[in-house]
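A.B. asks: Top line first, the protein sequences correspond to chains A and B. Residues are numbered in the numbering used here as their position in the first sequence, beginning at 1, plus a constant of 85. Residues are numbered in the numbering used here as their position in the second sequence, beginning at 1, plus a constant of 31.
The set of hints was computed from the structure by calculation and includes no laboratory data. Watch out, some of these pointers could steer you wrong.
As a list, the in silico DMTMM-like pairs of lysine to aspartate or glutamate whose alpha-carbon atoms are at most 25 Å apart [as the list claims (entries may be wrong)]:
| # | chain 1 | residue 1 | chain 2 | residue 2 |
| --- | --- | --- | --- | --- |
| 1 | A | K221 | A | D121 |
| 2 | B | K103 | B | E138 |
| 3 | A | K296 | B | E184 |
| 4 | B | K209 | A | D163 |
| 5 | B | K215 | A | D181 |
| 6 | B | K215 | A | D197 |
| 7 | B | K158 | A | D121 |
| 8 | B | K158 | B | E222 |
As the structure is a computational prediction, the values presented were derived from the model and not from experiment.
For reference, the chains in residue letters:
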Amino acid sequence: MAESKTLKYGYYPGCSLEATAKEYNESVRASAKLLDVELVELDDWNCCGASSGHCTDPELSLALPARNLAIAEKLGHDLALSCAACFLRFKQTNHDLRANDELRQRIEQIIDAPYQAKIEARHVLDIFAREVGLEKIQERVKKPLKGLKLAAYYGCYLVRPPKVTQLDDPENPMIMDNLLTTIGAEPVDWSHKVECCGGGLLLARTDVVVKLCNDLCQAALDAGAVALVTACPLCQANIELRQTIGVPAFYFSELLALSLGTSEKEFKSWMKRHIQNPVPALKAQNLI
Amino acid sequence: MTVRLISERGTESADPAFTQEVLGASAAHLERCYQCQACSSGCAFAYIFDYAPHQLLRMVQLGLKDRVLESKTYWLCASCETCATRCPNDIEIVQIMDTLRHIAFREGYTKQTPLPLFHRTFLGGVKSYGKVFELMLILRYMLTSRDIFKLSELPNNMKMGFNMFSRGKLAVLPDKIKGRANIKRIFQQTEKKNG
Chain A
86 MAESKTLKYG
96 YYPGCSLEAT
106 AKEYNESVRA
116 SAKLLDVELV
126 ELDDWNCCGA
136 SSGHCTDPEL
146 SLALPARNLA
156 IAEKLGHDLA
166 LSCAACFLRF
176 KQTNHDLRAN
186 DELRQRIEQI
196 IDAPYQAKIE
206 ARHVLDIFAR
216 EVGLEKIQER
226 VKKPLKGLKL
236 AAYYGCYLVR
246 PPKVTQLDDP
256 ENPMIMDNLL
266 TTIGAEPVDW
276 SHKVECCGGG
286 LLLARTDVVV
296 KLCNDLCQAA
306 LDAGAVALVT
316 ACPLCQANIE
326 LRQTIGVPAF
336 YFSELLALSL
346 GTSEKEFKSW
356 MKRHIQNPVP
366 ALKAQNLI
Chain B
32 MTVRLISERG
42 TESADPAFTQ
52 EVLGASAAHL
62 ERCYQCQACS
72 SGCAFAYIFD
82 YAPHQLLRMV
92 QLGLKDRVLE
102 SKTYWLCASC
112 ETCATRCPND
122 IEIVQIMDTL
132 RHIAFREGYT
142 KQTPLPLFHR
152 TFLGGVKSYG
162 KVFELMLILR
172 YMLTSRDIFK
182 LSELPNNMKM
192 GFNMFSRGKL
202 AVLPDKIKGR
212 ANIKRIFQQT
222 EKKNG
């Protein structure tokens with residue numbers, strides 16, 4: 086028996102999880118609850134600045150995440166993040182501030198708050214798979230997702246740059262594949278795990294995003310998957326909105342919560358928000 | 032100091048100070064590049080660039096300031112980090128792209144792609160509200176870029192807007208954080224430094 090301790094983290098949902106990716110936020114919270122992980126949302130958090138921040142000014146790109154990290158440090162817990170893009174900005178901030186104390190003090194001055202850079206920023210995928218652990222998750226699976234062939238899609242910022250994100254192998258990560266296996270699904274071996282979805286070009290060059298997302302979806306189908314699985318609201322939005330093939334995509338947390346026994350009503354409320362309907366893929370395996 | 036350089040364009044001027052500025056702005060190790068092209072081979076965006084990543088790095092090494100800063104490459108780079116992850120010399124290529132974007136913003140090389148407009152619009156919203164207000168970002172960007180008037184794209188854009196609204200994916204009102212004065216101060220301090 087695994088000991089039952091409650092893990093507690095500060096929680097930074099990020100802007101997308103309040104709008105385009107509400108179902109990601111709700112399913113992360115549901116999964117956390119089912120796994121005894123307490124997520125305490127940061128009080129009055131702000132946008133991390135995303136790509137536009139680091140493209141515009143190096144100090145701005147550190148100060149915007151640092152204001153949130155300072156709030157979390159005061160709370161006294163490591164910080165959990167759901168968005169892969171925010172996750173990299175927070176990891177980069179800690180990485181840079183730890184390497185240069187003068188810079189850390191300058192950022193403290195800009196945000197007008199103390200920040201020692203002593204806390205860690207963790208992606209929720211990492212917390213579930215490694216802190217809760219696959220063994221404990223396996224014990225709690227109520228509905229194994231048998232027969233569901235899935236392409237685990239990591240994209241860029243979970244795994245790159247590897248010395249900053251420190252999450253998994255940058256060319257063939259397995260953390261999400263192993264989690265999917267644990268909940269009874271069948272992750273396929275495929276070519277486009279860490280290819281880019283087009284990310285920040287979503288409005289400025291939609292033609293590129295359409296091409297990259299279609300390439301991803303076709304590669305997933307070619308490998309025998311019926312759906313993609315993501316851990317990033319921007320990847321998910323690009324895949325659902327821009328592809329022309331019709332391949333559905335799940336947030337990993339939706340499937341995790343489903344396997345752990347979240348109510349069918351709650352699960353269906355997440356499915357309704359998807360633009361590429363994922364329900365037929367689940368029905369084909371009698372999972373809902 | 033200006034150096035004249037013979038290229039396929041005849042002679043053009045090179046500016047060693049520009050190379051030094053890029054070298055000095057980050058510990059990215061631009062000097063290590065030996066043109067193996069691992070960066071360009073794996074770049075998902077190279078097909079829309081005017082210069083492939085390895086070509087741009089060489090041009091920075093040579094100090095071809097105007098040709099570099101007038102190019103689209105560094106604006107269209109999506110910072111996916113594939114190139115830097117695979118570089119055998121551990122060159123932080125995305126840091127170099129960032130440095131070029133910072134210089135370009137400062138010196139006004141912002142007209143060749145819509146990306147600077149996107150970044151300004153995005154950060155303008157963050158400065159006002161403390162968070163991204165997606166509906167405003169999309170509408171404001173599409174108006175200022177005039178993309179909203181591209182009639183061929185209209186059916187697609189309307190379909191996407193309908194899909195997002197009908198599924199509750201777009202908030203109609205902005206969610207403003209309480210610490211907006213704090214956010215404004217962060218922006219002002221970093222803008223002051225840039226003049």
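A.B. asks: Hint by hint, note whether the structure agrees.
C.D. replies: Hint by hint, here is what the structure shows:
Simply put, A/K221 and A/D121 have alpha-carbon atoms about 11 Å apart, close enough for the 25 Å limit, and the pair holds. With a C-alpha separation of about 15 Å, the suggested pair B/K103 and B/E138 falls inside the 25 Å cut-off, and the hint holds. Taken as a hint, the A/K296 and B/E184 pair is honoured in the structure, with Cα atoms around 16 Å apart against an allowance of 25 Å. Distance restraint check for B/K209 and A/D163: the Cα-Cα separation of roughly 23 Å lies within the 25 Å cut-off, and the hinted pair is therefore satisfied.
For the hint pairing B/K215 with A/D181, the CA-to-CA distance comes to about 23 Å; that is within 25 Å, so the pair holds. At roughly 12 Å between alpha-carbon atoms, B/K215 and A/D197 fall within 25 Å of each other, so this suggested pair holds. Between the alpha carbons of B/K158 and A/D121 the distance comes to roughly 36 Å, so the proposed pair goes past 25 Å and is violated. Taking the CA atoms of B/K158 and B/E222, the gap is near 12 Å; set against the 25 Å cutoff, the hint holds.
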